[in-house]
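Enquirer: The lines below spell out each chain.
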Amino acid sequence: RFVGRINVYHDRNEPTARPLGSENLLLRGATLKNTEKIFGVAIYTGMETKMALNYQAKSQKRSAVEKSMNVFLIVYLCILISKALINTVLKYVWQSEPFRDEPWYNQKTEPERKRNLFLQAFTDFLAFMVLFNYIIPVSMYVTVEMQKFLGSYFLTWDEEMFDEDTGEGPLVNTSDLNEELGQIEYVFTDKTGTLTENNMEFVECCIEGHVYVPHVICNGQILHNCTGIDMIDSSPGGSGKEREELFFRALCLCHTVQVKDDDSVDGLKKNQLSRRSCIYISSSPDEVALVEGIQRLGYTYLRLKDNFMEILNRENNLEKFELLEVLSFDSVRRRMSVIVKSSTGDIFLFCKGADSSIFPRVKEGKIDQIRSRVERNAVEGLRTLCVAYKKLTAEEYSNAQKLLQNAKLALQDREKKLAEVYEKIERDFILLGATAVEDRLQEKAADTIEALQKAGIKVWVLTGDKMETAAATCYACKLFRRNTQILELTTKKIEEQSLHDVLFDLSKTVLRHNGSLTRDTFSGLSTDMQDYGLIIDGAALSLIMKPRQDGSSANYRELFLEICRNCSAVLCCRMAPLQKAQIVKLIKLSKEHPITLAIGDGANDVSMILEAHVGIGIIGKEGRQAARNSDYAIPKFKHLKKMLLVHGHFYYVRISELVQYFFYKNVCFIFPQFLYQFFCGFSQQTLYDTAYLTLYNISFTSLPILLYGLMEQHVSADTLKREPSLYRDVAKNALLRWRAFIYWTFLGVFDAVVFFFGAYFLFENTIVTSNGQMFGNWTFGTLVFTVLVFTVTLKLALDTHYWTWINHFMIWGSLAFYIIFSLLWGGIIWPFLNYQRMYYVFMQMLSSGPAWLGIILLITVSLLPDVLKKVLCRQLWPTATERIQNASRHCQEHISEFTPLACLKSPRYRSSDCSSSPARRSNSHSKKMMFTHWRGVDYSVLPSVFGYSNKHCHSSAGYRYSGSGLETSV
Amino acid sequence: QIDYTGTEPSSPCNKCLNVSWDSTPPCTCTINFTLEHSFESNVFMYYGLSNFYQNHRRYVKSRDDSQLNGDNSSLLNPSKECEPYRTNEDKPIAPCGAIANSMFNDTLELYRIDNDTRTPITLIKKGIAWWTDKNVKFRNPTGDGNNLTSLFQGTTKPVNWPKPVYMLDSEPDNNGFINEDFIVWMRTAALPTFRKLYRLIERKNNLQPTLQAGRYSLDIAYNYPVHSFDGRKRMILSTISWMGGKNPFLGIAYITVGSICFFLGVVLLIIHHKYGNRNTSADIPN
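Residue numbers (UniProt numbering), protein chains in the order written: chain A, 1 to 970; chain B, 1 to 286.
Excised from the complex, chain A in its bound form (with noise of 0.2 Å):
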């Protein structure tokens, strides 16, 4: 509250003071119109102006996956610093004995022999932390971050998820989220404009219990010429009809919408329709649905002329009324007035309020027909008004005008002496009738609620609307269900109880059946549990809320918590903007941490929407601030189902499985290191070459997996969006847990040790080639290396299960870049480098038929647990996903048993999957046929430079074995 004083100077003069109060405050974009200057004092600068004070700072979101993954990081970090000081410690316990340190072989120069122990020992730490920090998946960050972004564009290139209407897409605020739209477990949503359309529409109008319908339609087409009412009820007698007109009067009278003559009507139109020539416009819909309903009836509102307000009635005559007084709508009184003077010069006062503030005021009327009227159409999730009015004399007007006039231009309490006046003038109705206007549901509402409740996704509906209305619309939308029990927690109730009783008495009821709930969680959809829906309201909410001196409110908080968590659904309603934030929060920082996703499409959602770890946008009637305000905008709810269903689980699943290969395949390539120390006296001697050390995830293996993170669909689009609740199978994190991470890691290790210790053997007191030449230490590691890069390749190629021709490309192309590479860069001496140790080593190592055996064998091995460990699971244990796989699969058979161009066309499933033949039945049988047929692609790889099949009686036997036995199976 500002209260100040101005001194205007004169030249030398006394300054003349003057106060300075709210009322003189100008505020942003005001004009200057009948003065040629103001003086102005500038107050409230800076950081307190109002744009400064409600402008909340956008906290950085960071996804669930994000977070794992740092917490991965940590441990990869710990194992990286234990690598190294298990290694400082063993190279000096090993060094201990001299000839091992500084063999006659190998001797240290001057400096490297004088220097501290200390210092030494801290390098040679160093040094195995260099050796090892590729275990730190650093290109993991890079790719995740390209993943992100150009997955981004999926989601707005979708076509179904772009809207005619309007012809917008999806928008895409942020992409560091994607994958977060795949573990939603509460959707708090909207109502006005999210769920419905915000488009009203005049359904019915009742007068004196008669019920009048506008027939608008027939045959989709509007017919103005009749008189557009079905007399549901038997015809009213001439007072009715007296009463009839009147209501519609009032209907045409008291608003406050303004008329715009619509010019983008061409001449044709407006002759035929010229009616319906002009816009109404107005702060509220419900007047213009209003407005537009009466006209249809045959009272057309024209224009505010002069303060006489032009009506055209049902006989196309001109009516005017003289405007008198506006006593404009507020949301504590919930009704609004007019006072007009008709040109008979009967001076009437007009009022339109919602049922409960009309009521109350009504002396005659028959009020009871009227309000079980209204509470039906209340129920059928109508917006209901009722009508009023009152006679006034001339005398009792110049009363209420005095009143008023007063009132206007009281300096202090104006407000409550208005609403004193209101009060006084505003009694002794009669009551006309009331219309009921419908907020359309979106289309498709009903289907993405029920869609996101089988996805097991709780969905709460946060409105400003009055409980009725709002608990009519979640039984249109299918949120609440027939058999759904409601609690109510409502200021009703805490009025008759304390609310400490009824919050008790609620958890008692919930948690009675808790046994039954927990028992059949997966169920939800199951008919024959009870499942229950809370209606909370803001002022019950704000008890709740409210901390208490005896300090119980946390109490209050948990145990409304417990309530809400065991509600399918809940309906909060009367809900101020902030209470809405409030509500996400509590959620938020509930003991599970559920992730939260807010949707809406007014300025009023915006505190939600930033407040939930995902917020979206609708770009809507209530213009952008919740779509700029937003993570990703939608132009319609039903988009929503899409965009959690499909796109948020395939990001999910795409992303998991990045982070997590990735750790692997660092796993992989740096353990064979780690134990490469152990032979070669801890010396820090790397086991691959300083090119592969660079380019392993740099080219050898990041391009297979961003295009995995950028295409993998592990079922189908539709089948996703078909089952819903295969969105349970990845919830709460399901892909990133420990056991999945203890998983991939110890598969790493597993990979790590069967890649060195295969080599090791392979290399130990034997002769690896035909010529009876020795291999070094760089063709060792070569050999690791090229072991290592094909089965992390080999690896990912078999999790893909959408195939495209690009993911082929890449997969193939990234092993051919590899060999083409290795063969280049050991196929020249570069002159640039001081060394050569890769010369022709590659080469060396691919002409020695050992080493071609030992790599296929070594790449069999390491790949199969893994090929094990899918097919157990998928036959004992499967998982909604898998099996839902499995079916796929089978349609897909019977599609290409009838049509064998349906493989052809859809190039999703594999090759060898189309090709195959319709006896082969199940995964297993195609998990191994995929088996068979890659080993297949290593034999093809295999020039045939030697005939090896038949010479070798030991491996190619063993090799025999292996193919009959992949083979009988099949």
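Hints are supplied without guarantee of correctness; some may be wrong.
Stated by the list, open to error - Covered, in the sense of this in silico footprint (three residues per stretch, anywhere, with C-beta under 8 Å from a C-beta of chain B), are these stretches of chain A:
(1) 93-105
(2) 868-879
Claimed, not checked - With the C-beta cut set under 7 Å, the calculated list includes, among others, these residues of chain A facing chain B:
(3) T769
(4) G772
(5) Y835
(6) G849
Source of the hints: derived by calculation from the structure; they are not laboratory data.
Small disclaimer: the values here were computed from a predicted structure and weren't measured.
All C-beta atoms, glycine included, are put in the ideal place defined by N, C-alpha and C.
Given the coordinates of chain A, assemble chain B onto it according to the supplied hints.
Expert: Chain B alone, transformed into the frame defined by chain A:
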């Protein structure tokens, strides 16, 4: 495979155990052995060292590839990596580095004992190094004339070598940096226990095996000290097929993996038959 380190007192080479580099004349010893089976095809003769860390980082990098490639500037100014075997008495060492310095210098000779007469067996010393190494990667320095002595002017021999690098062999195409024994040694082994190709024994004609079963003796000029680091020295004779030498690992591994695959195939088939139907029926309600 004959171990001739001589750690055991009974071994004929025991007397040479504590030999040093500069012992002249070299300590010699003879080991007799018997071949149970005759070697039919070409025989490859290896020497094996164990507990010798040729893969130690300090060792592996201690070489100058451009010097070995015949680069004249590197010849006189070897890379820093060669320290402390870079210069000796202010003269650059050619070939520099720890690897070259510690080159294996035992001489092995093989005799066949037939009725108490010792017939020497011809050992071929060419073709033991990679062709590319010998012809491309390793080159003698270039200059006027072919006299290696003058080409290596201004350099000195590695500390431990008895002779300079241009006196490694009498034949000019196997001397200097392109000496095959030297090249073989310069390819550092991957593991601390390794073997390197020493000589080839070619089959003379189709009627006789290369090495008949019988008694042989190995004459060793024992120069290379391994006792100080607990090392062992071995001499290995081996024949080789197209698949390389005898390699039990691959065979065993293939048989094992093959049988595991077969076993798993059977197990999975059983599992599939048992559980497969359950799965397919469970699909339908979904």
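Enquirer: A separate judgement is required for each hint: does it hold in the structure or not?
Expert: Against the structure, the hints come out as follows:
no., hint, verdict
1, 93-105, "holds (count 5)"
2, 868-879, "holds (count 6)"
3, T769, "6 Å, holds"
4, G772, "4 Å, holds"
5, Y835, "5 Å, holds"
6, G849, "5 Å, holds"
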